[in-house]
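Colleague: Dock chain B against chain A, hints included.
As given, the protein sequences belong to chains A and B, one line each in that order.
Whatever position you read off the first sequence (first residue = 1), add 587 for my numbering.
Whatever position you read off the second sequence (first residue = 1), add 587 for my numbering.
Errors might be hidden in some of the hints.
Which copy is meant is left open, so a pair is good if it fits within one copy or across any two.
Using 25 Å as the maximum straight-line C-alpha spacing, the simulated SDA-like pairs for lysine to any residue come out as follows [said to hold, decoys possible]:
#1 K630 - L677
#2 K630 - I656
#3 K630 - E589
#4 K630 - E697
#5 K630 - D681
#6 K640 - A664
#7 K630 - S672
#8 K630 - E593
#9 K630 - G679
#10 K640 - T695
#11 K640 - H602
#12 K640 - Y604
#13 K630 - Q591
#14 K630 - C649
#15 K640 - S672
#16 K640 - G698
#17 K640 - D601
#18 K640 - I675
#19 K630 - S662
#20 K630 - V600
#21 K630 - T592
#22 K640 - L709
By construction, these hints were calculated from the structure, which means they are not laboratory data.
Residue-level listing of the chains:
2 protein chains.
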Amino acid sequence: MEEQTEMVGRAFVDHYYNLFDNDRSSIGTLYQPSSMLTFESQKLQGSENISAKLNALPFGQCRHAISTIDSQPSSFAGGIIVFVSGSIQLLGEDHPLRFSQMFHLIPTVEGSFFVQNDIFRLNYG
Amino acid sequence: MEEQTEMVGRAFVDHYYNLFDNDRSSIGTLYQPSSMLTFESQKLQGSENISAKLNALPFGQCRHAISTIDSQPSSFAGGIIVFVSGSIQLLGEDHPLRFSQMFHLIPTVEGSFFVQNDIFRLNYG
Numbered sequence: 588m589e590e591q592t593e594m595v596g597r598a599f600v601d602h603y604y605n606l607f608d609n610d611r612s613s614i615g616t617l618y619q620p621s622s623m624l625t626f627e628s629q630k631l632q633g634s635e636n637i638s639a640k641l642n643a644l645p646f647g648q649c650r651h652a653i654s655t656i657d658s659q660p661s662s663f664a665g666g667i668i669v670f671v672s673g674s675i676q677l678l679g680e681d682h683p684l685r686f687s688q689m690f691h692l693i694p695t696v697e698g699s700f701f702v703q704n705d706i707f708r709l710n711y712g
Numbered sequence: 588m589e590e591q592t593e594m595v596g597r598a599f600v601d602h603y604y605n606l607f608d609n610d611r612s613s614i615g616t617l618y619q620p621s622s623m624l625t626f627e628s629q630k631l632q633g634s635e636n637i638s639a640k641l642n643a644l645p646f647g648q649c650r651h652a653i654s655t656i657d658s659q660p661s662s663f664a665g666g667i668i669v670f671v672s673g674s675i676q677l678l679g680e681d682h683p684l685r686f687s688q689m690f691h692l693i694p695t696v697e698g699s700f701f702v703q704n705d706i707f708r709l710n711y712g
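The shape of chain A in the complex, shown without the other chains:
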């Protein structure tokens, strides 16, 4: 069970940042109407609003590099909490930005997962 939680967490993280970096317009497919995002203290709800926010960020091309992934089962049946640290390299910028982000994943009836909770913060040194 613990191993499966880790596997789901890692697979989700790969998929999420791959979509973010290469096909950001599709990232709304990972959220549902109930989903919540807090992005640098700004609160958004629902896949459409979240997708609009992420696609309107003031940078185009970027590359996420993941440093750590910690996953735990949440108490919600089948839910998984994933905590990520890493950095984002923006096109044309010299230095990557460090960030921390957490996701609460909930199983779908189709046997996949969607993001119910998403909180993102840049780490200032």
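Modeller: Using the frame of chain A, we list chain B on its own:
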């Protein structure tokens, strides 16, 4: 509802780090047998193991300074996810250490909350 979630998150964070900094031997009271802590990738389960770990950390006196608190309702009935960034000043060290931490709080039958999920990571620059 949103305001109440924020209030619970802030009150919990105040209480948690106050206990950690001033009465760390009591911190196990915030956890239950089902609780999980991942501390710098080390996994612990249950209030006794978690309390033992936090009380065996290789520093005595410390002071947490909180930079940001983001809270969201989790999908679990009445649960709250709290995401914290801040720094820890250890006694005798020149520079504080930056950290990120998330808590998943679950309501108790007594009308309070306990920590079901806790993930802690130092932020390296």
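Colleague: Could you work out which of the previously given hints the structure breaks and list their numbers from low to high?
Modeller: 4, 5, 6, 9 and 16
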